[in-house]
Amino acid sequence: MRPVDAMLEVLRDEGVTRVFGNPGTTELPFVEAVTAAPDLEYVLGVQEASVVAMADGYARATGRPAFVSLHIAAGLANGMVGLLNASRSRTPLVVTAGQQDRRHLAQDPMLSGDLVGIARAAVKDTFDVQHAYDLPGMLRRAFALAVQPPAGPVFLSIPMDLLEEETSIDPPPKSRLGGLGPAPGWPEAAERLAAAERPAIVAGDGVGRNGAVADLVAVAEAIGATVYHQPMHDGVDFPTVHPLYAGMLDARYSAIRTALAGHDVVFIAGTRAFMAHHYEPGSPIPDGTAVIQLDDDPGEPGRTFPVALGLVGGVRTTLAALAAQLAGKVPEAPSRVQAIGRVHDATRARVRKRALAGYGDAPMDPLAAVHAVVSGLPADSVVVEEAITSGLLLRSVLPLERPRSYVHTVGGGLGSGIGAAIGSRMGDPTRPVVAVLGDGCTLFGLQGLWSAAHYRVPVTFVVMNNGEYRTLKETAARRGRDRAGRRVGSLDLTPPRLDLTPARDFLGLTDGTPGGPDGLDLAPPELDFSRVAEFFGITAVRARSTDHLAEAVARAAAGDEPVLIDVPITSYAGSA
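Counting with UniProt numbering, you get residues 1 to 576 for the letters of the sequence shown.
Keep in mind the hints are simulated off the structure, nothing from the lab. Watch out, some of these pointers could steer you wrong.
[To be verified] With a cut-off of at most 16 angstroms between alpha-carbon atoms, the simulated EDC-like pairs for lysine to aspartate or glutamate come out as follows: (1) Lys-174 to Glu-14; (2) Lys-174 to Glu-9; (3) Lys-329 to Glu-197; (4) Lys-329 to Glu-165.
[To be verified] Computed Cβ-Cβ distance ranges for the label pairs, DEER-style: (5) Pro-429 to Arg-12: 42 to 48 angstroms; (6) Gly-302 to Arg-12: 38 to 44 angstroms; (7) Gly-117 to Ala-558: 44 to 50 angstroms; (8) Gly-537 to Ala-379: 26 to 32 angstroms; (9) Gly-211 to Ser-168: 39 to 45 angstroms; (10) Asp-125 to Arg-176: 19 to 25 angstroms.
For glycine and all other residues, C-beta sits at the position ideal for the given N, C-alpha and C.
Just need the whole structure built from these sequences, with the hints factored in.
In structure tokens, the structure reads:
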């Protein structure tokens with residue numbers, strides 16, 4: 001069969017039913033073949049960053065690699081932010097881009113470039129396909145590498161003339177690969193955990209990705225451990241309503257040290273080295289605390305801080321073995337669970353009280369606004385969050401139990417939320433999807449609304465509209481306290497009007513209105529995102545109050561079309 005036909009056969013065999021793409025001339029042979037195939041759907045995006053974000057959300061919802069087709073060097077460059085996010089979040093993607101005709105490359109034609117060189121910094125591996133007979137095998141290898149720990153995107157550069165060759169080739173059969181077993185050394189880990197007097201667990205995204213939440217819950221209950229989510233976690237790795245759940249760790253080493261202080265043993269499961277946001281000196285691990293670290297990536301245990309015991313193996317199989325071994329071995333565990341639960345229940349009640357006290361008309365208190373969004377969510381919703389400061393507040397009031405109910409990217413490349421929400425709903429159409437977005441993040445990913453409207457994907461987009469770059473102001477405020485009057489470039493880092501530590505974790509309870517550098521406001525003119533939605537042909541609502549917001553979320557999420565809800569909030573988003 002022709003190379004392009006062999007390519008489609010590999011895609012089918014790998015379980016691909018949708019191709020996410022933005023086409024150009026160099027992809028025409030592939031696009032023509034896909035659109036002529038009744039069992040393959042080409043999902044069009046009008047900008048490559050949105051395309052990759054849709055594929056990312058789809059891969060997470062389906063649990064298998066998504067396939068992406070980008071256009072030449074410029075299109076690949078546009079998609080790089082999504083590839084960086086996928087790499088950080090360990091989302092398996094197979095990504096291709098069409099290269100110019102090989103007979104033309106020596107003349108340096110328009111739009112050509114070093115595709116492999118461009119992609120290399122953002123993906124796990126790259127393939128520069130130069131022979132038609134290599135294409136099926138390299139494509140097979142790309143799918144295998146995408147899911148191999150650590151999972152991530154893999155890139156192939158494919159010249160347009162290669163797909164049109166009349167060479168007859170047959171794709172190799174798919175290999176069946178077994179999963180990872182329990183990590184060697186897990187019995188010793190069980191002994192150390194059973195002997196711990198004040199154990200803690202850090203639940204990483206590797207737990208949720210591997211379907212091991214129930215196993216980690218069993219381990220935590222067996223030893224009575226306080227459980228934290230990793231900083232800026234991408235999914236549900238531990239139920240946030242569980243008595244042992246203490247919230248998300250802040251993405252600062254000093255805050256992590258403070259949270260973990262007093263614990264003699266900390267078990268870190270599937271967490272990528274904490275990834276602090278800004279530099280701070282010292283280790284995130286307190287002195288005298290022993291660390292046991294589990295990951296399916298051999299490069300993780302001991303990479304950033306020393307560990308007493310590093311475990312490399314299957315996350316789910318290892319946790320299951322630990323849970324079975326520890327069951328009933330720690331007599332103090334039930335009393336620990338009760339004592340820890342009382343503390344956490346009081347904290348949750350305090351946050352709820354503050355949220356309800358802020359209910360009222362627009363512009364709304366940010367904590368009250370996210371609480372209203374949560375109160376309007378239908379059962380079994382998937383929440384896609386890209387709201388930065390408001391997102392921190394959302395995490396403090398959002399009850400999460402079922403895996404794959406929360407989608408975020410720790411990659412930090414803005415603009416992913418809209419596309420990820422669309423892909424999430426396409427990947428699992430049985431669950432309502434609500435995207436909670438910052439106004440700045442929304443501006444980065446607006447093009448994705450075209451795909452939502454075109455394919456009538458029933459996603460509810462909730463834009464938390466504070467009219468400013470809140471996170472930059474808070475960072476500048478924090479830096480300003482240490483560097484009075486210092487200027488960096490054109491940003492004035494004069495100390496803020498009030499000394500304020502912004503809410504950064506589940507326990508953050510602060511008040512105030514920080515100032516910040518000039519040039520970080522998005523208004524005037526005022527940004528009315530309901531008008532943006534109307535431009536793309538999407539139903540729009542502007543929330544008038546917290547009660548109206550809750551009603552609008554409930555109504556939109558139960559519907560069968562995309563809806564955007566513009567939520568005017570006050571400028572300060574740190575009052576959890």
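Structure-based check of each hint:
1. Lys-174 to Glu-14: 8 angstroms, holds
2. Lys-174 to Glu-9: 11 angstroms, holds
3. Lys-329 to Glu-197: Answer holds: Lys-329 to Glu-197 is near 13 angstroms, not above 16 angstroms.
4. Lys-329 to Glu-165: 65 angstroms, violated
5. Pro-429 to Arg-12: 42 to 48 angstroms: For Arg-12 against Pro-429, whose Cβ atoms are near 21 angstroms apart, the range 42 to 48 angstroms is violated.
6. Gly-302 to Arg-12: 38 to 44 angstroms: Because 42 angstroms falls inside the window, the suggested range holds.
7. Gly-117 to Ala-558: 44 to 50 angstroms: 48 angstroms, holds
8. Gly-537 to Ala-379: 26 to 32 angstroms: 29 angstroms, holds
9. Gly-211 to Ser-168: 39 to 45 angstroms: 41 angstroms, holds
10. Asp-125 to Arg-176: 19 to 25 angstroms: Between Asp-125 and Arg-176, where Cβ atoms are some 21 angstroms apart, the hint holds.
The structure is inconsistent with the numbered hints 4, 5, although it conforms to all the rest.
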